[in-house]
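Trainee: Listed here are the chains, written in short residue letters.
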Amino acid sequence: MSDILAELQPIFRDVLDDPALQITRQSSAATVANWDSLAHINLVSAIEQEFRIRFSLSELAGLKNVGDMIDLMEQKLAIK
Amino acid sequence: MNAYRWPELHVGLAHSFSVQLTQEMMQEFLHLSGDTNPLHLDSAFARESGFPDAVAYGMLTSSLYSRMVGVYLPGRFCLLHGIQVEFSNPAYVGDWLTVKAEIAHLNDAYRRIEIKASIENGEKVISKAKIRVGLNER
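Here the protein sequences come in this chain order: B and G. In the numbering used here, each number is its position in the first sequence, counted from 1, plus 16. Quick note: the second sequence, position 36, residue 20 per the numbering used here, numbers continuous.
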């Protein structure tokens, strides 16, 4: 498990209100309960604040699952 | 009424206002909510429960957060997404309540504003809130 994936776990559990949630790189809005459009905004905003990074709408539009998000985050964190 | 648009907003932007809590407000909230719990209506019951007087409805004082975002920050184009309120101390009729709010985070992609807010009565914090609002400017 990547460090970022481990750090994302509590954020997803908190935002999606599921203490037992286990996300993987393959997790997406289609596979995780309660991951609706408003929850998605909450997730993105919480990740931005926790990791002190910013996403653009075009970057977010290309994401298909948690793995894509982690890859994008690694890019942003590498150039901080 | 303020009418902030996205480019005008920044982290740290803050607003505040004050309002006195009245018995009329309590009556209006009673009729609106149907909450007939005696803690809010019966001073004797409240004293028996350990409070000096009838306790103001928490959701009544918290309704001032609605005024804050709808009128002041960001104002006209506000679309309330969510609010988390934690109550710290009771409020009473006659209290002057000061509502303070400050932008803590701006999410550019979805134009989401995260606001930290509080209500104080001059002596104590009545409640704290995390408020999430969108900007519905078209």
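Keep in mind that the hints were calculated from the coordinates and are not lab data. Careful, some of the hints might be misleading.
Cβ pair distances, simulated, as ranges [said to hold, decoys possible]:
id, chain 1, residue 1, chain 2, residue 2, range
1, B, D30, G, S27, 34 to 44 Å
2, G, S2, B, T40, 48 to 58 Å
3, B, T40, G, D92, 23 to 33 Å
4, G, V3, B, R70, 30 to 40 Å
Here the structure is a predicted model, which is why all the values come from computation and not from measurement. Think of the CB as a built atom: it goes at the ideal place given N, C-alpha and C, for glycine as much as any other residue.
Trainee: With reference to the structure, classify each hint as holding or not holding.
Mentor: Consistency of the hints with the structure:
no.	hint	result
1	B:D30 x G:S27: 34 to 44 Å	holds (40 Å)
2	G:S2 x B:T40: 48 to 58 Å	holds (50 Å)
3	B:T40 x G:D92: 23 to 33 Å	holds (28 Å)
4	G:V3 x B:R70: 30 to 40 Å	holds (36 Å)
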